[in-house]
Each structure stands twice: as C-alpha cells, then as structure tokens.
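For reference, the chains in residue letters:
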Amino acid sequence: MNKNFVKMFFTLSFLFSILTITYSQDGEGQGGMSPDIKEQQKRIIKEMDQRLPELVKKKNEGVIGENSRGYVAFVNSSGESETQDVVNIINEENANRNQAYALIADYMIKDHSITIEDVAKQRAKQLRIDAPRGHYIEVNGSWIKKENYEEANDIK
Amino acid sequence: MIKKTLLVSTFASLAALGQGCFHSSHEVDIKPVEIKPMHITIDVNVKVEKQLTDFFEEIDRKAERISSQEKKMVTPSDVTIAAPTQISTSTSTQINDKK
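Respectively, the protein sequence lines represent chains V and U. Letter 139 of the first sequence, counting from 1, is numbered 731 in our numbering, and no numbers are missing. Letter 69 of the second sequence, counting from 1, is numbered 266 in our numbering, and no numbers are missing.
The set of hints was computed from the structure by calculation and includes no laboratory data. We put the CB at the ideal spot given by N, CA and C, even for glycine. Among the hints, erroneous ones may be present.
Quick list of in silico lysine-lysine cross-link-like pairs, PhoX-like style, CA-CA up to 20 Å [to be verified]:
{"no.": "1", "chain 1": "U", "residue 1": "259", "chain 2": "U", "residue 2": "247"}
{"no.": "2", "chain 1": "V", "residue 1": "634", "chain 2": "U", "residue 2": "259"}
{"no.": "3", "chain 1": "V", "residue 1": "738", "chain 2": "U", "residue 2": "259"}
{"no.": "4", "chain 1": "U", "residue 1": "247", "chain 2": "V", "residue 2": "717"}
{"no.": "5", "chain 1": "V", "residue 1": "630", "chain 2": "U", "residue 2": "244"}
{"no.": "6", "chain 1": "V", "residue 1": "738", "chain 2": "V", "residue 2": "650"}
{"no.": "7", "chain 1": "V", "residue 1": "649", "chain 2": "V", "residue 2": "737"}
Examples of chain V residues toward chain U, derived with CB under 7 Å [as the list claims (entries may be wrong)]:
{"no.": "8", "residue": "644"}
{"no.": "9", "residue": "692"}
{"no.": "10", "residue": "696"}
Work the whole structure out from these sequences, hints included.
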C-alpha cells in the first residue's frame, strides 16, 4: 500500500513538473514579456499614433502607399508631393515599423530562424488585405489602387 | 555438410529478414521528414501573424476610423452654392397686387 502511494506521488510530481515547464515556456511567447519590451512597444505605438492622422491623410490623397516589404513609400517618386514633410513622415513611420518588426522577431517569437524581413513581409500581407479602398498598395513591383486589386483578384 | 547448409540458409534468411525490416523502417522514417517543415512553416506564420495583430491592433483600428471619417468629411470648397435668381419687377408687382 505504502509502495503504491510513493509510486503515485512520484508519478504525479513528475507530471506536474512537466506541465509547469510547458506552461512557463508558452507564457514567454505570449503575455510573459519583460517590462523593457513592453515599454518599447508602448513608445513605438505612441509615436505611430501621433503621426497617424497625417499619414492616413496622405494615403487618402494617394501620395503615400504600402509597399510589398511592410513599409510605406511614395506612390510616385518624382512628383510635387515629395515635400520634406512627407519625406519625414515616411522615414519616421518606417523607422518605427522596423523597431516593431525587430521586437517581434527577436523577443516575441521564440524561433531564431525568424528574421525582421519575415515579420515585415507578413505585415505587408496583412496591410494588403486590410487596406481601405482608395489606398495604394504595391503588388509585383507596381502601385495599384486597392479596389482595382480587389477586382483583379475577385475579392469582395 | 548438412549442418553447413543449414547454417548458411539460416544466416541468409536472417539477413533477408533484417533487410526487410530495414526497408520498412526506412519508409516510415522519410514521411515525417517531408511533412514536418511545412507544418513548422505554417505554425511560425500563424505565430508571427498573431503577434503582429496584437502589436498593431490599436493603431489599425484607429487608422480605419480616421480614414473613413476623412472620406465622409466634406470641405466648404467642395460645396457649390447656386446664385439666387433675381425676381423681375413685373413679378414682384404681381405678388403685391394679389395681396
């Protein structure tokens, strides 16, 4: 009776330790971010948020578009719209995005084979799908309006 | 002589059996190697997508809201007001007569 009890105790404690290890590893990828990473995320979002109205305005005007690498760029590179203000918006937005992609690739996903470019490309896919009608997106090296892309690919 | 023949045939049959076993285990080994990378790629993509959605969720929602608001907004320069038509003096006298 006693032997059985000891066996059961050890088996249960072994299973418990395995479960603890598994859950702690899962937590690292999800909510178990260090305070420093959370702070960085907050700062990036705050900076992007401040720039957002101006960025959206330029996207609505067709000046700025989403390229296929997960960053923003001029739709027509040689135009009157290429003012210093717009150049600044693009550079600052892309810098923030790069920081965000690096944070995701290096700390949030526990897979060392994932690079910043992989994360950026995945984001480009998301933005291509979620972009509102009228905004420009880069597909196969050329800029097209979202509605034209939807029509060409039979997306409603 | 018979002993030798028996020994040789036993070895041969054992070798054949061993080869058979080895062959079957070889096939079983290959299959997971072919499937595993695909599974990992999908899993990693899902993970990346989830992290991206969590990271940019707030910003994306706000961008959508701003974009739709901007499109709905009508500036005064977009609105053209038609010039008021002048009532001729004859029409105005007619109105006064009726009164």
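Evaluated hints:
Among the hinted pairs, residue 259/U with residue 247/U is consistent with the structure: their alpha-carbon atoms are about 19 Å apart, no more than 20 Å. Taking the CA atoms of residue 634/V and residue 259/U, the gap is near 15 Å; set against the 20 Å cutoff, the hint holds. A C-alpha spacing of about 19 Å is found between residue 738/V and residue 259/U, which places the hinted pair at or below 20 Å, so the restraint holds. Proximity of residue 247/U to residue 717/V is assessed by CA-CA distance (about 13 Å); at most 20 Å being required, the pair is judged to hold.
Distance check on the hinted pair: residue 630/V and residue 244/U sit about 18 Å apart at the alpha-carbon level, within 20 Å; holds. Between residue 738/V and residue 650/V, the direct Cα distance comes to roughly 15 Å. Compliance with the 20 Å bound is thereby established for this hinted pair. Note on residue 649/V and residue 737/V: the hinted pairing holds, with a Cα-Cα distance of about 15 Å set against a maximum of 20 Å. Given hint, residue 644/V at the interface with chain U, holds; its Cβ is 6 Å from that chain's nearest Cβ, closer than 7 Å.
Given hint, residue 692/V at the interface with chain U, holds; its Cβ is 6 Å from that chain's nearest Cβ, closer than 7 Å. Interface hint at residue 696/V: satisfied, since its Cβ lies 5 Å from the closest Cβ of chain U, which is below the 7 Å cut-off.
The structure shown violates none of the earlier numbered hints.
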